[in-house]
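*Asks:* Given next are the chains, with one letter for each unit.
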Amino acid sequence: MAVKDLTIPSTIFLLTIQNNMEHIVIIGNGISGVTLARHIRKLSDKKITLISGETKYFFSRTALMYVYMGHMKFEHTQPYENWFWKKNRIELKLGYVKSVQTKSKTLHFNSGETLQYDKLVIATGSKPNKFGWPGQDLDGVMGMYHKQDLENLEIYAPNNETCKRAVIVGGGLIGIELAEMLNSRSIPVTFLVRESSFWNGVLPEGESAMINRHIINHHIDLRLSTNLREINADENGKVKSVIIHETGEELACDVVGLTAGVSPNIDFLQNSEIETGRGVKVNRYLETNIKDVYAIGDCAEQHEAIGNRRPIEAVWYTGRMMGETLAQTLCGNRIKYNPGHWFNSAKFMDIEYQTYGWVHGSKGRPEYETHFHWKHKDDTKCVTIAFNKNTNEFLGINTFGIRMRHETFDKWLTEKRDVDYVINHLSEANFDPEFYATFEEQILKAYYHQLQTAI
Amino acid sequence: MSLAKPDALKITITQKVALGLGLVGLLILSLALFNVNFPNKSIILWLTLGVITIGTIIYSRGAYLTKLEGIKNDGTWFKSISSRGFWGWSAGILLTAFYIILYFYPEYLGLGKDGAENTGIIGLFDPLSQLLSGRNASQWFVYGTLYTLAILAFGYKFFLKYRHNRYQQVRTFSVMFFQLAFAFLIPEFMYVMNNDLPYYDIKSIWPLNYYIFDEWSVKGFLTAGNIGLALLVFGILSIFVITPILTYKYGKRWYCSWVCGCGGLAETAGDSFRQLSSKKLTAWKLERWLIHSVLVFSIVMTTAMIYTYLGYKSNEFWLTRGVFITSVIALLTVIFIGVMVFRHKEFGKDAKYGAIGYFAIIALLLIMHFTGTTDQLFFIKSGSLRSAYGIYIGSIFSGVIGTGFYPILGNRVWCRFGCPMAAILGFQQRLFSKFRITTNGGQCISCGNCSTYCEMGIDVRAYAQKGENIVRSSCVGCGICAAVCPRGVLKLENDSMKGRINTNEILLGNDVDLMKLVNEK
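Quick mapping for you: the protein sequence lines, in order, are chains A and B. Each residue of the first sequence is one higher than the last, beginning at -14 in my numbering. Each residue of the second sequence is one higher than the last, beginning at 1105 in my numbering.
Quick caveat, the hints were computed from the structure, so don't treat them as lab data. Small disclaimer: the values here were computed from a predicted structure and weren't measured. Accuracy of the hints is not assured; some may be wrong.
Unchecked claim - If you want a taste of the chain B side facing chain A, the calculated C-beta under 10 Å gives, among others:
{"id": "1", "residue": "Asp1178"}
{"id": "2", "residue": "Phe1182"}
{"id": "3", "residue": "His1268"}
{"id": "4", "residue": "Tyr1271"}
{"id": "5", "residue": "Val1274"}
{"id": "6", "residue": "Cys1548"}
{"id": "7", "residue": "Ser1550"}
{"id": "8", "residue": "Lys1595"}
{"id": "9", "residue": "Asn1598"}
Virtual Cβ for every residue (Gly too), placed ideally from N, Cα, C.
Full structure from sequences and hints, please.
*Replies:* This is the structure in structure tokens:
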């Protein structure tokens, strides 16, 4: 090619392309927004702007706890080095979007700035729930979600002299993480859980009870079936104590953590024409009611739930999958968001938890679902296998303290294996480190024992 | 972020006493360093080593046994010693100074010159040396003793820290055993049995053991009769037969984090510093240039060394200079062509660097052959190359920087940037081994614990979050990434070669058709 001869004209040509390049603006630089941006860049040369009011660079929200615990520094939570964004021509903009005008395709920022887009993606994630408790906006009351929450916690709970006791309200995944965090700095914690057992809406009884005991073993003051009535302030407007709803007991504390779940962070869309429910309403293509506006991640709400999944899925990997999916659509290959078999994982203090397929707790368990439960005598490992009591089809597994192989369960779920097969082949799915003790034999024995007693 | 020191880091009174005990031990050692002459050296020595050990044991028990089993990294980045704070820098400077004195000014440690009595710290160790091998201590005996003690005491600490993790325990027991038996006791006993034998730690393999093929060493083996010959043959088999087989089956971890002494110290005494290794891409680039340059240097240096003491004529000894240089070039060519033919797909642009390295070695060897005389190699004095390697690589890089800089650059500086043995094992691990770290489908949440605690500076998360297995030449298989992962994403495995490196993104839980599209390049 005679490139040299065409130097000047081709430069002009390139400039024209740049100007005509479609501008994709993504609000939110969490896992959904960042995955989307990366994949659009892989597939195209479109102009990409990534907006965040929280931090300039992407970090892993799930890792914030480790910064407070001293396992990592904040920079370690950033999966990409700072040069990555420029190299991949992803523009980063720090600022809060105040409102969206879809007619003129304009974003208005708190600062008064505006930004034009060709296509807009809302990926603003969640915010902690507050249920109108008296005193919920006092100093020293916080959620544990944003980087700002972490900074707040460092102010109000740097050590057990400044924070003599912390009260956590809400027994879910973030609640137990916050308890673990405070515990790492020897700050006494009282943990108020509305349910009669920790996270028992999701976890079956045996597992939930085991986690209760594990929490208590960590010297955390776990209060089950307990609700918050109000939070009291001292003369400076800082939290002083909480009142427990059931007993009226007053607990002195310096920090209150509100961890009663999260909901979509979409207040800025209130006056826009974009349809919202609890989240931004989207179809299976992640499109909203307005042309060229999309929503992904925690803030997106499916019109109809996909399978057993909830309409709003505030899970790390679903955000990533929605980002990958929408990148295809935005780059000219319109495809549906189509998640595979459900899976998830978490860690409760020292006990790892993984789940593949569906194992229901007290909430939403179908009539045909029944469980086989095995627990190790050391009270830190257990397995629950859910199956259809009519057909024996394997429905899902919860595993605590034993790692299992995602690929294997994904395959078994696709093949619709029955529960006997799964229990007899459990060793194939083991993912624990080498030299670990294995428990498949014990589990098998317990299974046949239970079967016999059942007959 | 937090200026106030979090309270959880306060240590108990028992731990303070333990710390005091350890410091008393170190104080006695430093007094000995300043030539304080103790009466009854034997008792003082045992007392010193005893209180250091007991101090470490009590301290570790206070740190870990008071808590439930699990990952114990609370406060790692708040503690001055493990986060390049004041104590970290102090420890780094002290260690570096110690290494400089050890390697270059042993007389300050009290080494008696020209048959004079040992004094100072070396003198203090005379009774122990006498007990083991019936001779007085040298600076290397003192160093070896302290080194072994560090591996044993901190190995115990590591045991408690990972008491929920059998892989970590078995591996740590292994390095403790190999250090105590193979590096420390057996060489002393070998000397007792046959004092013609050169010091030989049989688990230390060329090119890490760069002096094994030195003239004095080879002569030493050959004059020590059958046992010497057997050891020399074992040394050659180690690198050409045993190493490739074990690395094929288990990856380079069988050596680097199970057997090797450098690895042993890094994994035990160095464990508190693993998070300090740089994970930057630039560090990885530097690493690849540096470690392979050292490898080239060591191959050329060793070949040159052997070359100088071989003869020209086959009637004296079958291995002449001509035969030797031809076989070295032939071996390298076979490896080079083999790799290019069977593994060209996995190389990409790295092949260029491999080729450059290969041709550089061959060219140097040929120049050497045609310019070499008994006195001159590469137009410089033959011994200069060897002593340059000894000083710059053997002493400064592996000792002063490699260990002295633990609290600054992390505990595997030498293993990562300098060790030529690690380079060879890594090359094989990347291309011909069953070992990999398997990523567990789509469970990764990109938290970064794995990358942070990788002592080799591998950005483990970069692979895990894509669902990609980790097959990196530098991975020593310590297994800490898998241990600290909160979601059970990583597993060290020896499996089949097929599908070991899944460069495709196969995130499970995703729509299968979508993954096909994502992987279309």
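*Asks:* Decide, hint by hint, whether the structure agrees.
*Replies:* To see whether the hints hold, each was checked on the structure:
no.	hint	in the structure
1	Asp1178	4 Å, holds
2	Phe1182	5 Å, holds
3	His1268	8 Å, holds
4	Tyr1271	4 Å, holds
5	Val1274	5 Å, holds
6	Cys1548	8 Å, holds
7	Ser1550	4 Å, holds
8	Lys1595	5 Å, holds
9	Asn1598	9 Å, holds
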